[in-house]
Every structure is written in structure tokens, then in C-alpha cells.
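Got chain S sorted already, so can you dock chain E onto it with the hints?
Chains S and E, in that order, give the protein sequences. Read in order, the letters of the first sequence correspond to residues 1 to 296 in my numbering. Read in order, the letters of the second sequence correspond to residues 1 to 296 in my numbering.
By construction, these hints were calculated from the structure, which means they are not laboratory data. We treat Cβ as the ideally placed atom computed from N, Cα and C, and that holds for glycine. Don't take every hint at face value.
Said to hold, decoys possible - Only part of the chain E face toward chain S is listed, based on derived beta-carbon distances under 10 Å:
1. P101
2. H104
3. V106
4. L122
5. Q125
6. A128
7. Q133
8. P135
9. S152
10. M155
2 protein chains.
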Amino acid sequence: MEQGLSNYLQERAAMVEQTLQELLPAAEVVPGILHEAMRYSTFAGGKRLRPILCLAGAELVGGRPEIVREAACALEMIHTYSLIHDDLPCMDDDDLRRGRPTNHRVFGEAVAVLAGDALLTLAFQILATYPAQVPAERRCRVVQFVGEASGSLGMVGGQVLDLEGEGQRLSRAEMQQMHASKTGRLLRAALCSGGILAGASPREIKAMDDYAAAFGLAFQITDDILDVTGNVEKLGKAPGSDQRKEKATYPALFGLDASRRMAAEMVARATAALQEFGARAEILKQLAIFLLEREQ
Amino acid sequence: MEQGLSNYLQERAAMVEQTLQELLPAAEVVPGILHEAMRYSTFAGGKRLRPILCLAGAELVGGRPEIVREAACALEMIHTYSLIHDDLPCMDDDDLRRGRPTNHRVFGEAVAVLAGDALLTLAFQILATYPAQVPAERRCRVVQFVGEASGSLGMVGGQVLDLEGEGQRLSRAEMQQMHASKTGRLLRAALCSGGILAGASPREIKAMDDYAAAFGLAFQITDDILDVTGNVEKLGKAPGSDQRKEKATYPALFGLDASRRMAAEMVARATAALQEFGARAEILKQLAIFLLEREQ
Chain S
1 MEQGLSNYLQ ERAAMVEQTL QELLPAAEVV PGILHEAMRY STFAGGKRLR
51 PILCLAGAEL VGGRPEIVRE AACALEMIHT YSLIHDDLPC MDDDDLRRGR
101 PTNHRVFGEA VAVLAGDALL TLAFQILATY PAQVPAERRC RVVQFVGEAS
151 GSLGMVGGQV LDLEGEGQRL SRAEMQQMHA SKTGRLLRAA LCSGGILAGA
201 SPREIKAMDD YAAAFGLAFQ ITDDILDVTG NVEKLGKAPG SDQRKEKATY
251 PALFGLDASR RMAAEMVARA TAALQEFGAR AEILKQLAIF LLEREQ
Chain E
1 MEQGLSNYLQ ERAAMVEQTL QELLPAAEVV PGILHEAMRY STFAGGKRLR
51 PILCLAGAEL VGGRPEIVRE AACALEMIHT YSLIHDDLPC MDDDDLRRGR
101 PTNHRVFGEA VAVLAGDALL TLAFQILATY PAQVPAERRC RVVQFVGEAS
151 GSLGMVGGQV LDLEGEGQRL SRAEMQQMHA SKTGRLLRAA LCSGGILAGA
201 SPREIKAMDD YAAAFGLAFQ ITDDILDVTG NVEKLGKAPG SDQRKEKATY
251 PALFGLDASR RMAAEMVARA TAALQEFGAR AEILKQLAIF LLEREQ
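Only chain S is shown next, with the shape it has when bound in the complex (with noise of 0.2 Å):
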């Protein structure tokens, strides 16, 4: 990785972690297993990515990090409660997560389930109250867009398609309609939401969300390859996992080496998209084809 985007990486990360501790309720808030529960998924060691790119939303339009770093914590807050469900016995039975046990496993089905209840509706809360300095319509623009793109028509929609295809032979289409809506949505509404709450304009806030949506795919792209080449220290779970469970996935349909030209593919049309925001493009770039080197 660069020096620089790898500076800007642990920087940014380190905001968010900081904000994510002051919002939310502290373990001995009643009732504490509860809060203990959305803690301990939340401080699990994520990659913190949505944040970054909401961050570097509001960036790329040259407004400053700290004035978004609530919302981009809710986009994390998001992300968090739909990994927690999606590892319910249910759904996906996991039992490890990035290396340590899945939500359930330790605090049981009933709460885990609350816990991402909890967090998802903590997360709109938060998004209608920061940044207050802006105009309240920014705000209530960024509920609908990160609803809409969380909802059922995107990510909780994305997670049921993936349900259905298991042990199906999707078609491409089909498979990047699942990803795109299971993972490329809330990466969009992440960028963008930083960007409409610095106020871009419609046309900058197209360029993001194309940018986004390419990203998107390239990274799911890579979550499937590593599945398959990964191995369990890096990936904090047992590589594999998608073959066992018969899970539509890129390599399986198109082999590795046409998965990873396809990935290629996506990262060169995400920095097209930047051209406009020139130099401040710089870290979304590098951030880019950063994705397709990366090992977990």
C-alpha cells in the first residue's frame, strides 16, 4: 500500500473509532448486555470502510472529515447490525467472525438479534441529529438514501436474494443484482452521504455513486476470490466457506482468472469516474487498486 493512503487509512479509521466509543451507550447503561452486545460487534476489528468513504465524501468536495464523522459511524453502525443477522443461525450459521466468535455465540440468539435491531434504528437516529450545523433537508436527504439503500430494495434485499440463490446456478446478471444490492448500496450511500451532507451538487454526487458502485462490485469480487485463496489467520474465518454452503460466487461461476480481470475491470471504471475532482480524487484512487492487492 502507499504511504500515503495508508496514513489517511489509519487516521480516518482512528476518527471513527473515537466517535463510534462517545456514541454509543457505554456497557453499564441498563440493560447492559444489550449495549455490551452492540459493542462488542462493533469494536470487532472492522476495516471501517464505509466510514472512510463517507468521510472521504465529504472530502472530495473539500469539506472537512470531522463534520461528518457521526454519520459516517451510523453507515458502520448499519454494517455491523446486518453482519450480526446475517450470522444468525437462520441465516448464515456462523460461528466466527473476523476471528472471534459471532455475536450469538456469545450472547445468544435473543440478543443479538436486538443488538442489530438496536443499532440499525440508532443509526437513523443519529443521522437526523449530525451534523447539526447543516440544513435539516441535508439530513433528512441522507435517511432516505441510506434507507433506500438499506431497506428491501437494497441491502436487506440483497441478503434474501442471496438466501434464495444458495445451491442455485445464478446467472451474472443475477449474481451482481444480489451484490449489488447486498453490499454495493450501503458503499454508495456511504460515499454519497458525506457528499450531500458537504453539500456536493447532483452532478458530484453521480460521480461518487458511480465511482461506488464499481468499487463495490470489485470488492465483492475480491471477498469471493480470497475465499477461495485466503487463508484463516488474514481472513479471521475459514476460507471456503462460500463453496461449502453452495453460494453463488464469481470464481465459481467464471473461474479465478476471469474474476480477477473482471475485478480489474471495475477498479479502472471507479477512478474514471473521479476525473473531475482531480487532485482531491488522490486517496479514492489509490484506495481503488489498493482493493484489488489486498490479502483479507
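Chain E only, in chain S's frame:
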């Protein structure tokens, strides 16, 4: 029931029904099973108490109910999502709700969890969008208010306290705390949201909140009483289920007579809170009194 109240409830429920039909994606929209599941529990013969309170909140300060009809439906979606998740095998494990099989009995647990998630998400999206003609600041306040009422310090937290309380002997204070969180907070948010959107003053919002808090407790006590004295046709579920689960209820703790007195006391407190609204408060006063006499 008074004829005026009966007509009022019927007309308002019809407005809610119609609006819910418009707001929920059709069962044909992909993923169909998810939208079918969302609709199954939304149109399951609920009393529409929360949305009617929201409409009534606007009317208390002279607003037209039509203006807040979408927001009212968002409150019902939050209520519905909470019922779907509470009925899950890992929570209350109920097979029947309002006389019909519960969501997970029809669609499976995975889809039931996701249908709840999607209803919650859609609710916030709607609250940020409607009514378009009021200042966005008011919509943001409603998202905050409803979020706080339904999250880890409100409804979801109350459900955790409820699960923790099973088989335990709670004090009156602990039980009131649990019910105030689990049921009361959303009822308060419903009435106050209507008020906020219609431009009520802080003082008026406070009076609505006082009414709804007392109303909520009376409602809960009556619910507990009906679980002891009700019959399966009217309740739509087998009575005695609280007792079987060793739930902390008012009759279990104080006996039926004392519980009835407490409910009457709360209804008196609720109606007293509405003095300043004069004749506009008539319907809500009647509604509180009707609570004491209901059989379902």
C-alpha cells in the same frame, strides 16, 4: 363505545389502511417473498392504535390528519417489526398472533428477521420524507424522537428487560420501567410525532407526552388483565400465555382488583393531561376511558 369514538376510530383506521397499501412495496416486487412477509404482518388485523394516535396528535393542535398519514404508518411499521421479532423462536416463541400463524411460521425465521429489518428501515425512510410540505427540521426531530423511543433505551431495551424478567419477581418500579420502555415509549412517540409535524409548541408536546405515558401504562395493565380474563376468540391468541412463560405481569404481582384500580388511576391521569386542548381533546379522552372496557 361512544358512537363518536367508534366512527372516529373506523375512519382513521381506513385512512391508515389505505396509506399502508400505498407505502409498502407490492408483493410482486423482487424479492417477492420479503415484500409478501412485510405485508402479511402489516395487514394482520391490528388495531392501528399507534398511527391513530399520530393522526390525533396533529388534530389536537388543529392540523389535518391527512398531512401526517404517512408518518402515522411509519409508526405502525415499527410496531409491526417489533411484533415479528418478539414472536421469533429465540424470543417469545409464539405460533399465533391475532389469530393467525406468526410471520416465521409462514415464511421461515430468516425471512421473518429480514422482514422486520426492512419494515424498520422503511419506517425511518418515510419519516424523513413525509410530510414534504413541513420544514425538514420537524421531520428530523421526529426521526430522533422515534429513534430514541424505539432503540436500546426504549422499545428494544424494554424487550431485553422483559426477557431478563421471565421467571423473576420484579418490583412494581422495575415492571413499570420495563413496560414504559417496551410499550409506552412508542405510544408516546406516536402521539408526539403527530404534534411535532403539525407545529405543536414544546408545552403542547409535553402535555401529549404526559397523556400518552399514562395511556400506555393503562393499556399495558389492561393487556395483562386480558391475558388472565380474556378468551381465545377475542384475543386471537390463547390467554394465560404470560403465566405459562412466568412473565412479570400486573395481575401476577398485585392481583386483578388492584390492577384494575391502577389502570383506572392511569386513565384519570391521562385525561387530566389534556385539559389545555379543550374540546379538541374529547376523542382522546374517550379513547382512554374505552381502554378500560376493551375485550381485545
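For each hint, the structure was consulted:
no., hint, result
1, P101, "violated (17 Å)"
2, H104, "holds (8 Å)"
3, V106, "violated (14 Å)"
4, L122, "holds (5 Å)"
5, Q125, "holds (3 Å)"
6, A128, "holds (4 Å)"
7, Q133, "violated (13 Å)"
8, P135, "holds (7 Å)"
9, S152, "holds (4 Å)"
10, M155, "holds (8 Å)"
This entry does not satisfy hints 1, 3 and 7, going by the numbered hints stated previously.
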